Amino acid sequence: MKITVVGAGAVGATCADNIARKELAEELVLLDIKEGFAEGKAIDMMQTATLLGFDTKIKGVTNDYSQTAGSAVAVITSGLPRKPGMTREELIGINAGIVKGVAENILKYSPDAIIIVISNPMDTMTYLALKSLGLPKNRIIGMGGTLDSARFKYYLSVALNCNSNDLQGFVIGGHGDTTMIPLTRYATYQSLPVTELLDKATLDKVAADTMVGGATLTGLLGTSAWYAPGAAGAALVESIVRDEKKLFTCCVALDGEYGQKDICLGVPVIVGRNGWEKVIDYKLNEEEQASFNKSADAVRAMNSVLHDMQLV
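Using our numbering, the letters of the sequence shown correspond one by one to residues 1380 to 1691.
Accuracy of the hints is not assured; some may be wrong.
Here are the in silico distance ranges between beta carbons for each label pair [to be verified]:
{"hint": "1", "residue 1": "Thr1557", "residue 2": "Asp1622", "range": "33 to 39 Å"}
{"hint": "2", "residue 1": "Ile1422", "residue 2": "Ser1445", "range": "36 to 42 Å"}
{"hint": "3", "residue 1": "Leu1576", "residue 2": "Asn1442", "range": "20 to 26 Å"}
{"hint": "4", "residue 1": "Cys1541", "residue 2": "Arg1564", "range": "17 to 23 Å"}
{"hint": "5", "residue 1": "Asp1687", "residue 2": "Thr1427", "range": "42 to 48 Å"}
{"hint": "6", "residue 1": "Gly1415", "residue 2": "Ala1587", "range": "40 to 46 Å"}
{"hint": "7", "residue 1": "Glu1405", "residue 2": "Lys1625", "range": "18 to 24 Å"}
{"hint": "8", "residue 1": "Asn1442", "residue 2": "Lys1579", "range": "47 to 53 Å"}
{"hint": "9", "residue 1": "Asn1664", "residue 2": "Gln1547", "range": "14 to 20 Å"}
{"hint": "10", "residue 1": "Ser1683", "residue 2": "Ser1570", "range": "39 to 45 Å"}
{"hint": "11", "residue 1": "Pro1515", "residue 2": "Ile1422", "range": "35 to 41 Å"}
{"hint": "12", "residue 1": "Asp1583", "residue 2": "Lys1624", "range": "42 to 48 Å"}
{"hint": "13", "residue 1": "Glu1623", "residue 2": "Asn1442", "range": "30 to 36 Å"}
{"hint": "14", "residue 1": "Gly1638", "residue 2": "Lys1584", "range": "26 to 32 Å"}
Hint data in this document are derived by calculation from the structure and do not stem from the laboratory. Fair warning: this is a prediction, and the values are worked out from it, not measured in the lab. By construction, the Cβ of each residue, glycine as well, lies at the ideal position given by its N, Cα and C atoms.
Based on the sequences and whatever the hints tell you, model everything.
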């Protein structure tokens, strides 16, 4: 099996590194537009193979999509990273053309590939891929909610002083500082609702910290985060290639689910060999549904830029 990661920057390289360490494919292609950059990252990673004990062959290429032919999964991380003070919305004009071109080139050589979108603004870039490629909707997955849910569980673990692997929790809605919705009502610690362990003020802080989790790291690092986004992308790849049927929050095309249509938004889905296979209905209460609808309105406003640019 072959997997392609487009974009050899921090997120793409971290995603590729995780894929290689888990031996999710016989061959991993890392592609970048910058001359020699992907090749250098690939050689560096391959030189860890005997130290880490993996057998995946990693190949770096400069803008040669023919080398990606036959990929089962392609992860798109290409685009300008978010800078301090920059919103995801401001990235649309720059990244839309990049993501569309990348996706079209991938499908030229791998017509059966499942596409995972990490590039920001992720909800809008996923919608762009859906509308411009003409693929079955289950083959286009936006990563955002997977990352947001991991951040949610991290902040919950800090508040509870517990192991984050003992927690379950999901973030739905848009992948933005004001559009995501941490579902604190459904979060559990070894099956015990966290609402029985933490007071409302603490839960509200956990939710607020989660929502600005990306911006917090951008402020500290001077650029977007990469370890957790890369790991989130690799986790989705693993669930696909190993047909794990795991439940993740992903940005997917909705057709009436959660009361929304003609939009790509984060909801809980089963991820397996065929991409995303089923939306899980969490039965939102009135307040949660209102927040979800508001999130959808905000994402639609971003998507309108694609129409203005005549990209969809």
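Each hint tested on the structure:
1. Checked against the hint of 33 to 39 Å, the C-beta distance between Thr1557 and Asp1622 comes to roughly 36 Å, which is consistent with it.
2. Between Ile1422 and Ser1445 the Cβ separation comes to about 20 Å, which falls outside the hinted range of 36 to 42 Å.
3. Between Leu1576 and Asn1442 the beta carbon distance is about 51 Å. The supplied range of 20 to 26 Å is therefore violated.
4. At about 19 Å, the CB distance of Cys1541 to Arg1564 agrees with the hint of 17 to 23 Å.
5. The supplied range of 42 to 48 Å is met by Asp1687 and Thr1427, whose beta-carbon atoms lie about 45 Å from each other.
6. Separation of Gly1415 from Ala1587 is about 43 Å and conforms to the stated range, judged on CB atoms against 40 to 46 Å.
7. In this structure, Glu1405 and Lys1625 meet the distance hint of 18 to 24 Å, their C-beta atoms being roughly 22 Å apart.
8. Checked against the hint of 47 to 53 Å, the pair Asn1442 and Lys1579 passes, with Cβ atoms roughly 52 Å apart.
9. Between Asn1664 and Gln1547 the C-beta distance comes to about 18 Å, which sits within the given range of 14 to 20 Å.
10. The beta-carbon spacing between Ser1683 and Ser1570, approximately 42 Å, falls within the hinted interval of 39 to 45 Å.
11. Between Pro1515 and Ile1422 the beta carbon distance is about 36 Å. The supplied range of 35 to 41 Å therefore holds.
12. The beta-carbon spacing between Asp1583 and Lys1624, approximately 33 Å, falls outside the hinted interval of 42 to 48 Å.
13. Under the hint 30 to 36 Å, the C-beta atoms of Glu1623 and Asn1442, about 32 Å apart, fit the expected range.
14. Between Gly1638 and Lys1584 the beta carbon distance is about 29 Å. The supplied range of 26 to 32 Å therefore holds.
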